Amino acid sequence: MTNKFWQIDRRTLLKGAGISLALPLMEAMASKADKTRIPNRSCFMFFPNGVSLPPESHKAHKDWHWFPSGDGGDYKFTKSLAPLAPHRKEISILQGLSHP
Numbered sequence: 000m001t002n003k004f005w006q007i008d009r010r011t012l013l014k015g016a017g018i019s020l021a022l023p024l025m026e027a028m029a030s031k032a033d034k035t036r037i038p039n040r041s042c043f044m045f046f047p048n049g050v051s052l053p054p055e056s057h058k059a060h061k062d063w064h065w066f067p068s069g070d071g072g073d074y075k076f077t078k079s080l081a082p083l084a085p086h087r088k089e090i091s092i093l094q095g096l097s098h099p
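If you read the sequence shown in numbering that gives the first Met the number 0, its first letter stands for residue 0, the second for the next number, and so on.
Hints in this document: simulated from the structure, not taken from any laboratory. Do not rely on the hints blindly, as some may be mistaken.
Said to hold, decoys possible - Here are the simulated DSS-like pairs of lysine-lysine, each with C-alpha atoms no more than 27 Å apart in a straight line:
no. : residue 1 : residue 2
1   : K75       : K58
2   : K88       : K75
3   : K78       : K88
4   : K14       : K58
5   : K61       : K75
6   : K14       : K3
7   : K78       : K61
8   : K58       : K78
Claimed, not checked - Beta-carbon label-pair distances, calculated as ranges:
no. : residue 1 : residue 2 : range
9   : S41       : H98       : 15 to 21 Å
10  : K88       : A21       : 38 to 44 Å
11  : L13       : I92       : 32 to 38 Å
12  : W5        : L96       : 54 to 60 Å
13  : F66       : S19       : 29 to 35 Å
14  : M28       : I90       : 48 to 54 Å
15  : Y74       : R40       : 35 to 41 Å
16  : K14       : C42       : 34 to 40 Å
17  : M28       : K78       : 44 to 50 Å
18  : R10       : C42       : 39 to 45 Å
Remember, predicted model here, so these are calculated numbers, not experimental data. Ideal Cβ placement from N, Cα and C applies to all residues, glycine included.
I would like the entire structure built from these sequences, with the hints used as guidance.
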């Protein structure tokens, strides 16, 4: 038997009915979510082939290095990290991570 363009098969009908029955439950769950809380975000950057920087012997190397100078909360941003300065208290910069 061939279906006309306006007919749907039973499996499609049952899928649609199941979804329509679940929608009120999904809406009820969404209303209980805390909408005032800002979601946490993560950003990871990886450069598999490295990044072109001035050589370590060049005087500009310390200004354009990817990692801040200093340890703990007293670190100083380099020129490449300066745009992140307003978010200083919300970010962590990790270096020296490796996997064998």
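Inset, instruction - Would you check the hint for K78 and K61, treating anything up to 27 Å between C-alpha atoms as holding? - result: holds, 9 Å
Inset, instruction - State, for the Cβ atoms of Y74 and R40, whether the hinted interval 35 to 41 Å holds or is violated. - result: violated, 21 Å
Legend entry - Given hint K58 paired with K14 - CA-CA distance at most 27 Å: Violated, at about 66 Å.
Legend entry - Outcome for the supplied range 44 to 50 Å, where the beta carbon pair is M28 and K78: holds, 47 Å
Legend entry - Given pair status - K75, K88, alpha carbons within 27 Å: Roughly 13 Å between the alpha carbons, so the hint for K88 and K75 holds.
Inset, instruction - Using the beta carbons of K88 and A21, state whether their distance is inside 38 to 44 Å or not. - result: For A21 against K88, whose Cβ atoms are near 41 Å apart, the range 38 to 44 Å holds.
Inset, instruction - Can you let me know if the beta-carbon spacing of F66 and S19 is within 29 to 35 Å? - result: Because 54 Å falls outside the window, the suggested range is violated.
Legend entry - Distance restraint between K61 and K75, which requires alpha-carbon spacing of 27 Å or less: With Cα atoms ~11 Å apart, K61 and K75 stay inside 27 Å; holds.
Inset, instruction - For the pair supplied as a hint, K14 and K3, confirm whether the alpha-carbon distance does not exceed 27 Å. - result: holds, 19 Å
Legend entry - Straight-line alpha-carbon gap K58 to K78, limit 27 Å: holds, 13 Å
Legend entry - Satisfaction of the hinted span 54 to 60 Å by the C-beta atoms belonging to W5 and L96: holds, 58 Å
Inset, instruction - Sort out whether K88 lies within 27 Å of K78, counting only the CA atoms. - result: holds, 18 Å
When each numbered hint is compared with the structure, violations occur for hints 4, 11, 13, 14, 15.
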